[in-house]
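Asks: Sequence:
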Amino acid sequence: MRVDLDGAVRVARLAASFRWTWTFADLESFCAVAGWRVAESWALETTLTTDLDVDSPRADASTFLGLRRWRRGRSVMNSLTVWVSDISSEPDADAQVNAGLTALTERLTTEIGAPDSPDDYSATAARWDLPDVRIRLVRRAPYRFPEVQTGAVAMHLSKPVKLALIDTVLSDSDQDQADEDDWEVSADPPQDWSELASRLAGVFADMPSDAYLTLRTPDSRYAQFVGGPDDFYCEVVSNRSLAPEQRIPPDLEALLAVRGWSEPPDNGTENWAKDLNFPVTRLTCTRLADDVVHALSVVLGVIAPSELEVWAWRDGLEQRFGVAALGLRFAPRP
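Quick note, the sequence shown lines up with residues -6 to 327 if you use our numbering.
Since the hints were derived computationally from the structure, they do not count as laboratory data. Mixed in with the good hints, there may be bad ones.
[Claimed, not checked] Keeping only pairs whose Cα atoms sit at most 25 Å apart, straight-line, the calculated DMTMM-like set for lysine to aspartate or glutamate is:
#1 K152 <-> D125
#2 K267 <-> D244
#3 K152 <-> D268
#4 K152 <-> E188
#5 K267 <-> E83
#6 K267 <-> E99
#7 K267 <-> E256
#8 K152 <-> D185
#9 K152 <-> D181
#10 K267 <-> D181
#11 K152 <-> D203
#12 K267 <-> D203
#13 K152 <-> E21
#14 K152 <-> D244
#15 K152 <-> E99
#16 K267 <-> D284
#17 K152 <-> D(-1)
#18 K152 <-> E302
#19 K152 <-> E83
#20 K267 <-> D283
#21 K267 <-> E300
#22 K267 <-> D87
#23 K152 <-> E33
#24 K267 <-> E302
[Claimed, not checked] Per label pair, the in silico range of CB-to-CB distance:
#25 A247 <-> A324: 37 to 45 Å
#26 P243 <-> E104: 26 to 34 Å
#27 E188 <-> G106: 49 to 57 Å
The beta-carbon is built from N, C-alpha and C at its ideal position, and this holds for glycine as well.
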């Protein structure tokens, strides 16, 4: 697996000296300086073609603030992920990625200084908090199937902590309240699972990065979702948490595996899970919503969407985000 160390160092230098505004206007300017170009642009992401010497020379810019804000022209950019290595599918892909991360960390330490203390995200190998940008070296698994494990090295550029906190305060008092007002329009209950899947895809697309969402029945069959800085984590309850009479038979558990849910490992994790890296596209939201509805209706045996209630909140905030469009009962946070 090749790691373009020189190219990655050049990107880090450009990022450190670039005057970030953290809007999509930055992309044109950064591309001009870096010699890159825009390949595709969507509501939730823009894909760039880079000049790095790797088999997939790309970078992904993401808002992950939701389609509604994008439609209103709130083109806020929260991150830019640059692929700085080949994508390895060799048996020792993890070892190759670790070696690449170590080598790149050493080069960047020489170029821009010692990294800051590690953060709480296991995918992060090293982090530099600079005045206008946070640079993180992360491991990525672009394609993960039972028979193929892949890995790559990526550089994740995002807002520095200070700016991110300021944005949170502003959005809590202004933008997010406006968005919540728009969402809090009463919606009729979904008529069937297909209609719920369509609505749920829209909610996924509009979830803030600090949001928690749970769909559950009164007897504690549930699916839950957590938005993070650079990923989207999803769970479906497993037999470890279900009452004996509710437990999923093996043939239905197999359906979860077919749909890409990871079986609970023996490490304290209780549930079936999916971990999606950003950028999360509209198509990804649609597919995830279909998988969730399948898990609730077919695997867990929930008869109809009307049996579900929803919990929704944002980390450290009393304010909830928009879930009224689901047309489900809203239950107070436990």
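Asks: Each hint needs a verdict: does it hold in this structure or not?
Replies: Hint check results:
{"no.": "1", "hint": "K152 <-> D125", "result": "holds, 7 Å"}
{"no.": "2", "hint": "K267 <-> D244", "result": "holds, 20 Å"}
{"no.": "3", "hint": "K152 <-> D268", "result": "holds, 22 Å"}
{"no.": "4", "hint": "K152 <-> E188", "result": "violated, 36 Å"}
{"no.": "5", "hint": "K267 <-> E83", "result": "holds, 23 Å"}
{"no.": "6", "hint": "K267 <-> E99", "result": "violated, 32 Å"}
{"no.": "7", "hint": "K267 <-> E256", "result": "holds, 10 Å"}
{"no.": "8", "hint": "K152 <-> D185", "result": "violated, 41 Å"}
{"no.": "9", "hint": "K152 <-> D181", "result": "violated, 39 Å"}
{"no.": "10", "hint": "K267 <-> D181", "result": "violated, 29 Å"}
{"no.": "11", "hint": "K152 <-> D203", "result": "holds, 15 Å"}
{"no.": "12", "hint": "K267 <-> D203", "result": "holds, 17 Å"}
{"no.": "13", "hint": "K152 <-> E21", "result": "holds, 18 Å"}
{"no.": "14", "hint": "K152 <-> D244", "result": "violated, 45 Å"}
{"no.": "15", "hint": "K152 <-> E99", "result": "holds, 23 Å"}
{"no.": "16", "hint": "K267 <-> D284", "result": "holds, 10 Å"}
{"no.": "17", "hint": "K152 <-> D(-1)", "result": "holds, 24 Å"}
{"no.": "18", "hint": "K152 <-> E302", "result": "violated, 35 Å"}
{"no.": "19", "hint": "K152 <-> E83", "result": "violated, 34 Å"}
{"no.": "20", "hint": "K267 <-> D283", "result": "holds, 13 Å"}
{"no.": "21", "hint": "K267 <-> E300", "result": "holds, 24 Å"}
{"no.": "22", "hint": "K267 <-> D87", "result": "holds, 19 Å"}
{"no.": "23", "hint": "K152 <-> E33", "result": "holds, 22 Å"}
{"no.": "24", "hint": "K267 <-> E302", "result": "holds, 22 Å"}
{"no.": "25", "hint": "A247 <-> A324: 37 to 45 Å", "result": "violated, 31 Å"}
{"no.": "26", "hint": "P243 <-> E104: 26 to 34 Å", "result": "violated, 53 Å"}
{"no.": "27", "hint": "E188 <-> G106: 49 to 57 Å", "result": "holds, 53 Å"}
The structure fails hints 4, 6, 8, 9, 10, 14, 18, 19, 25 and 26 (numbered hints given earlier, in ascending order).
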